[in-house]
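Q: Listed below, chain by chain, are the residues.
2 protein chains.
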Amino acid sequence: MAKDKSTFNLKTPKGTKDWSGSDALLRDRIFTTIADVFKRHGGTALDTPVFELREILAGKYGEDSKLIYDLQDQGGEICSLRYDLTVPFARWLAMNPDVRSMKRYHIAKVYRRDQPAVSKGRMREFYQCDFDVAGTFDPMVPDAEVLKIVTEVFEELGWKGRYSIKINHRKILDGVFEVCGVPTDKIRPISSAVDKLDKMPWADVRKEMVEEKGLDGAVADKIESYVVKKGGRELLDTLLKDESLLANASAKAGLENMGLLMDYLEAFGVLDRISFDMSLARGLDYYTGVIYEVVTEGSAPAIQSTDPEAQKVQKSGKKGKSKGGNLEDDDRSNDPTLGVGSVAAGGRYDNLVGMFLPKAQIPCVGVSFGVDRIFSITKARIEREKSAESLRSSEVDAFVMAFGGKGFTGMLKERMNVCQTLWNAGVKAEFSYKLKPKLPQQFKAAEQGGIPFAVILGEDELAKGEVRIKEMGLEEGHPEKEGVLVKLADLADEVKSRVARKREQSTVTQKLEDLTVDAAKTA
Amino acid sequence: MAKDKSTFNLKTPKGTKDWSGSDALLRDRIFTTIADVFKRHGGTALDTPVFELREILAGKYGEDSKLIYDLQDQGGEICSLRYDLTVPFARWLAMNPDVRSMKRYHIAKVYRRDQPAVSKGRMREFYQCDFDVAGTFDPMVPDAEVLKIVTEVFEELGWKGRYSIKINHRKILDGVFEVCGVPTDKIRPISSAVDKLDKMPWADVRKEMVEEKGLDGAVADKIESYVVKKGGRELLDTLLKDESLLANASAKAGLENMGLLMDYLEAFGVLDRISFDMSLARGLDYYTGVIYEVVTEGSAPAIQSTDPEAQKVQKSGKKGKSKGGNLEDDDRSNDPTLGVGSVAAGGRYDNLVGMFLPKAQIPCVGVSFGVDRIFSITKARIEREKSAESLRSSEVDAFVMAFGGKGFTGMLKERMNVCQTLWNAGVKAEFSYKLKPKLPQQFKAAEQGGIPFAVILGEDELAKGEVRIKEMGLEEGHPEKEGVLVKLADLADEVKSRVARKREQSTVTQKLEDLTVDAAKTA
Numbered sequence: 000m001a002k003d004k005s006t007f008n009l010k011t012p013k014g015t016k017d018w019s020g021s022d023a024l025l026r027d028r029i030f031t032t033i034a035d036v037f038k039r040h041g042g043t044a045l046d047t048p049v050f051e052l053r054e055i056l057a058g059k060y061g062e063d064s065k066l067i068y069d070l071q072d073q074g075g076e077i078c079s080l081r082y083d084l085t086v087p088f089a090r091w092l093a094m095n096p097d098v099r100s101m102k103r104y105h106i107a108k109v110y111r112r113d114q115p116a117v118s119k120g121r122m123r124e125f126y127q128c129d130f131d132v133a134g135t136f137d138p139m140v141p142d143a144e145v146l147k148i149v150t151e152v153f154e155e156l157g158w159k160g161r162y163s164i165k166i167n168h169r170k171i172l173d174g175v176f177e178v179c180g181v182p183t184d185k186i187r188p189i190s191s192a193v194d195k196l197d198k199m200p201w202a203d204v205r206k207e208m209v210e211e212k213g214l215d216g217a218v219a220d221k222i223e224s225y226v227v228k229k230g231g232r233e234l235l236d237t238l239l240k241d242e243s244l245l246a247n248a249s250a251k252a253g254l255e256n257m258g259l260l261m262d263y264l265e266a267f268g269v270l271d272r273i274s275f276d277m278s279l280a281r282g283l284d285y286y287t288g289v290i291y292e293v294v295t296e297g298s299a300p301a302i303q304s305t306d307p308e309a310q311k312v313q314k315s316g317k318k319g320k321s322k323g324g325n326l327e328d329d330d331r332s333n334d335p336t337l338g339v340g341s342v343a344a345g346g347r348y349d350n351l352v353g354m355f356l357p358k359a360q361i362p363c364v365g366v367s368f369g370v371d372r373i374f375s376i377t378k379a380r381i382e383r384e385k386s387a388e389s390l391r392s393s394e395v396d397a398f399v400m401a402f403g404g405k406g407f408t409g410m411l412k413e414r415m416n417v418c419q420t421l422w423n424a425g426v427k428a429e430f431s432y433k434l435k436p437k438l439p440q441q442f443k444a445a446e447q448g449g450i451p452f453a454v455i456l457g458e459d460e461l462a463k464g465e466v467r468i469k470e471m472g473l474e475e476g477h478p479e480k481e482g483v484l485v486k487l488a489d490l491a492d493e494v495k496s497r498v499a500r501k502r503e504q505s506t507v508t509q510k511l512e513d514l515t516v517d518a519a520k521t522a
Numbered sequence: 000m001a002k003d004k005s006t007f008n009l010k011t012p013k014g015t016k017d018w019s020g021s022d023a024l025l026r027d028r029i030f031t032t033i034a035d036v037f038k039r040h041g042g043t044a045l046d047t048p049v050f051e052l053r054e055i056l057a058g059k060y061g062e063d064s065k066l067i068y069d070l071q072d073q074g075g076e077i078c079s080l081r082y083d084l085t086v087p088f089a090r091w092l093a094m095n096p097d098v099r100s101m102k103r104y105h106i107a108k109v110y111r112r113d114q115p116a117v118s119k120g121r122m123r124e125f126y127q128c129d130f131d132v133a134g135t136f137d138p139m140v141p142d143a144e145v146l147k148i149v150t151e152v153f154e155e156l157g158w159k160g161r162y163s164i165k166i167n168h169r170k171i172l173d174g175v176f177e178v179c180g181v182p183t184d185k186i187r188p189i190s191s192a193v194d195k196l197d198k199m200p201w202a203d204v205r206k207e208m209v210e211e212k213g214l215d216g217a218v219a220d221k222i223e224s225y226v227v228k229k230g231g232r233e234l235l236d237t238l239l240k241d242e243s244l245l246a247n248a249s250a251k252a253g254l255e256n257m258g259l260l261m262d263y264l265e266a267f268g269v270l271d272r273i274s275f276d277m278s279l280a281r282g283l284d285y286y287t288g289v290i291y292e293v294v295t296e297g298s299a300p301a302i303q304s305t306d307p308e309a310q311k312v313q314k315s316g317k318k319g320k321s322k323g324g325n326l327e328d329d330d331r332s333n334d335p336t337l338g339v340g341s342v343a344a345g346g347r348y349d350n351l352v353g354m355f356l357p358k359a360q361i362p363c364v365g366v367s368f369g370v371d372r373i374f375s376i377t378k379a380r381i382e383r384e385k386s387a388e389s390l391r392s393s394e395v396d397a398f399v400m401a402f403g404g405k406g407f408t409g410m411l412k413e414r415m416n417v418c419q420t421l422w423n424a425g426v427k428a429e430f431s432y433k434l435k436p437k438l439p440q441q442f443k444a445a446e447q448g449g450i451p452f453a454v455i456l457g458e459d460e461l462a463k464g465e466v467r468i469k470e471m472g473l474e475e476g477h478p479e480k481e482g483v484l485v486k487l488a489d490l491a492d493e494v495k496s497r498v499a500r501k502r503e504q505s506t507v508t509q510k511l512e513d514l515t516v517d518a519a520k521t522a
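These protein sequence lines are chains A and B, in that order.
Quick note on numbering: the first sequence equals residues 0 to 522 in numbering that gives the first Met the number 0.
Quick note on numbering: the second sequence equals residues 0 to 522 in numbering that gives the first Met the number 0.
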């Protein structure tokens, strides 16, 4: 080993960071919440290598391919770090042709040599959480389940009433463009322009269509009459009376799909979480059916007002910058599967697997959750709502401590033995590694860790087979301020029931927030 | 996007593999089991980037440095994929000098450009599960807790009675070598030779010492009298009567440490799981105190007999091959932190952090679990013990299905609605994506998924607010063979209590095995 190499550059590589303490714990809880929902719907895990043969990734990401990390050629195969989880999934499906249908989830890091903006959460190494259903099924059934999954994830994260799912359908959009008279070769560029309606007013989008993309002004105006529409089933009913739309095969198929989807979302009890938003177009080319994006009050920009006047005021100064612009300053996500300001997004893509195996097309529909953004919003909310408190870094429930008078031995083995009892019963517990710790030191350690219960050993009490359980942070005058004596044999059960009781007092929306600890105590 | 590129090489890079289905689920359960134990002991998660600045890794792995994966220089920093989790942890401790103590765990992939031997589980991308305690504490207290953690992990994996923890102490070993008369510059090479006693007989080890390493034969014979000793506290007591050992400062300190450790392991109730094995030396140079290695009946080579004669017979044909040998054929782990045949290993390393920050030495003790080997052994055991069965790939508890006579609509929305009720109550449930699935198709899907309960909707019963719960796979004549009718309002609770009851029937050692499903049904 090298000795005394004193000039280490002690940092992580650009655009990467270490996750530790309360941040790591909070992120881990978000992962667990999301994975539990995925599993509840029969999702099976797929884990692919962090690098792929370079040719597998080639030709999948358009001009973003320049952002792919390559491994050095050290002899042997030429590899690159994965850029997303979707292409590896498609590669896996193509490699396993006996699998004709699958609900797969994958929570893992992806890599992009983008200009990082750490403060905005745009990193070169970041997590994606994907759920996808592959297979040929009756129309819109898996699509509806994916949207049900989206609602469950955000509601288990405590976001009920604070998020909205915008949905649209590529076939409706393409039909609208055809009906309005957009030339076929302009449909994708015009669709991209429409997609910017969440961050710029119609006037600017129209300008882009007419001046940059050469669309006839009258066609643009016709488009406006459709894409400003937002609503629920009543909007669908209105469109289903539009003779010119119904005469277009694409629009008609899309509208029928949308009707089915709404029926199914109603059966799943989540139709009210959905907003049919005709301006939603989504950036990626590969979507072929329903598309969706989740926005929340905490994501930037804020959810747009449906009032066109208010829309013009909101964010009118913010224009989406192209990749060639000042990347440090723009507010786009580093994840092209997510729109600006969205926390999850997805849709149906029926033709991607065929890129690897043209004869074995497998239709897919899926969603990707932007965990970094969900983390930032959740953390900010916890900090806002509990401003005097900081987050815990471990989940320990009990700190086992001892005290004594003159000649106090420290009772190390007794503390160890009591810890053993707790651990063996599944209780998360710690004790001081000191031989003779002072009682205030032990309380301080418990407070700093945000540990809710102290288990206190005294020589006389222990001789009688008893220990004291004391809930931390009780107010003066509380009947149990000094703790309660319990039989050693009952200790584990007593701690467990107290921990469970304390946890029950947390509401569902506080589930993630019970990680908090009074910062005043840890200062 | 590229179109119709028809010559993809559809594979994962050499030495890597996809994890899917029941393998992914079983591995995930092993991770959860291990992480739960880590958290129970106050472990906090640390997640570091998958690549580090190359200079951070340089000079840490000796000649194994040639196995490090480098990223291509695409402009900017020069990086490499991490080789283990210990060096990133030491780098993190050096970067965060305000953290003077920490219990950290890290479960993540590491990368080694070694010659892969996939059938033996030696991969280029594989997982490590590490728990380490950093900080200055009273002697042997955290060391004892790390060993307690090892016992909890293997017992929660259902290995009680099937594993053994060999422990030794570098200071005892070094003292023995000094007392026997090994020259100082030969202590590490002689220690490496001793470490091979788990895979070759003493005669071969002696030969290596004398012929290859130039040790005096009489010195080697003295060493033998010590390193063949194995036992428990009685062995320690014997050594504590050895005047020549007690006269050696290193041996004396090591023996005192070992006495303390045994006291603490007794307080933790796990002293009987430990075997004090004076032949255990561990390969890595950086250990400074207690060292340990876990072996199990399923790991190769088998646990050595303590009978010296039997030892000579066992594995006498197997010699540890050097890195330059035929790598495809040797049986070493690809993880140098693990010995041959061990499933977990570790020890105290007090000087590693100082390599990054010489002025801020932080003593550490830790353990690394070899998940790939634990996975292989667990899977083989499940397959052996349930030979007619295969493993499940999802954890779904209920399959919601419907049937009806002539004019049957398929009851899709009704099935969706019942699924919603189950999901909202936290029950893992699936349904067929077909509009009008046939009943046998639905039963087949439930059987193939190893789903334990069917929830069956019939039009007449549903009209009365009732559905049928049927446990899958009951024998003919079982009173509930045809299922039981329950009120729709009670369905979720009924399913939950039945799932819980079924799970309780599994013993602790079957915890990982309740993933099984009758293969005869899925064929």
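Treat the hints with care, since some could be wrong.
Copies of the same chain look alike in the list, so a pair counts if it fits in one copy or across any two.
Said to hold, decoys possible - Here are the simulated lysine-lysine pairs, DSS-like style, with alpha carbons at most 27 angstroms apart:
no., residue 1, residue 2
1, K378, K65
2, K228, K433
3, K378, K435
4, K212, K486
5, K10, K221
6, K229, K240
7, K433, K358
8, K480, K495
9, K195, K405
10, K206, K412
11, K159, K65
12, K38, K443
13, K159, K228
14, K501, K212
15, K229, K251
16, K195, K437
17, K10, K65
18, K38, K433
19, K501, K443
20, K159, K480
21, K16, K358
22, K251, K221
23, K10, K358
24, K212, K443
25, K221, K38
26, K501, K65
27, K412, K240
In case anyone wonders, no lab produced these hints; they're calculated from the structure.
Q: Work down the list of hints and note, for each, if the structure agrees.
A: Hint-by-hint comparison with the structure:
no., hint, in the structure
1, K378 / K65, "neither (33 angstroms within a copy, 42 angstroms between copies)"
2, K228 / K433, "neither (68 angstroms within a copy, 32 angstroms between copies)"
3, K378 / K435, "neither (38 angstroms within a copy, 45 angstroms between copies)"
4, K212 / K486, "neither (79 angstroms within a copy, 61 angstroms between copies)"
5, K10 / K221, "neither (55 angstroms within a copy, 49 angstroms between copies)"
6, K229 / K240, "within (16 angstroms within a copy, 87 angstroms between copies)"
7, K433 / K358, "between (67 angstroms within a copy, 24 angstroms between copies)"
8, K480 / K495, "within (19 angstroms within a copy, 38 angstroms between copies)"
9, K195 / K405, "neither (74 angstroms within a copy, 51 angstroms between copies)"
10, K206 / K412, "neither (77 angstroms within a copy, 45 angstroms between copies)"
11, K159 / K65, "neither (39 angstroms within a copy, 52 angstroms between copies)"
12, K38 / K443, "between (40 angstroms within a copy, 20 angstroms between copies)"
13, K159 / K228, "within (25 angstroms within a copy, 64 angstroms between copies)"
14, K501 / K212, "neither (61 angstroms within a copy, 64 angstroms between copies)"
15, K229 / K251, "within (18 angstroms within a copy, 80 angstroms between copies)"
16, K195 / K437, "neither (62 angstroms within a copy, 46 angstroms between copies)"
17, K10 / K65, "both (25 angstroms within a copy, 23 angstroms between copies)"
18, K38 / K433, "between (43 angstroms within a copy, 21 angstroms between copies)"
19, K501 / K443, "within (21 angstroms within a copy, 44 angstroms between copies)"
20, K159 / K480, "neither (36 angstroms within a copy, 41 angstroms between copies)"
21, K16 / K358, "between (42 angstroms within a copy, 24 angstroms between copies)"
22, K251 / K221, "within (18 angstroms within a copy, 91 angstroms between copies)"
23, K10 / K358, "between (48 angstroms within a copy, 18 angstroms between copies)"
24, K212 / K443, "neither (66 angstroms within a copy, 54 angstroms between copies)"
25, K221 / K38, "neither (45 angstroms within a copy, 60 angstroms between copies)"
26, K501 / K65, "neither (52 angstroms within a copy, 53 angstroms between copies)"
27, K412 / K240, "between (80 angstroms within a copy, 25 angstroms between copies)"
Hint compliance for this structure: hints 1, 2, 3, 4, 5, 9, 10, 11, 14, 16, 20, 24, 25 and 26 are broken, all remaining hints hold.
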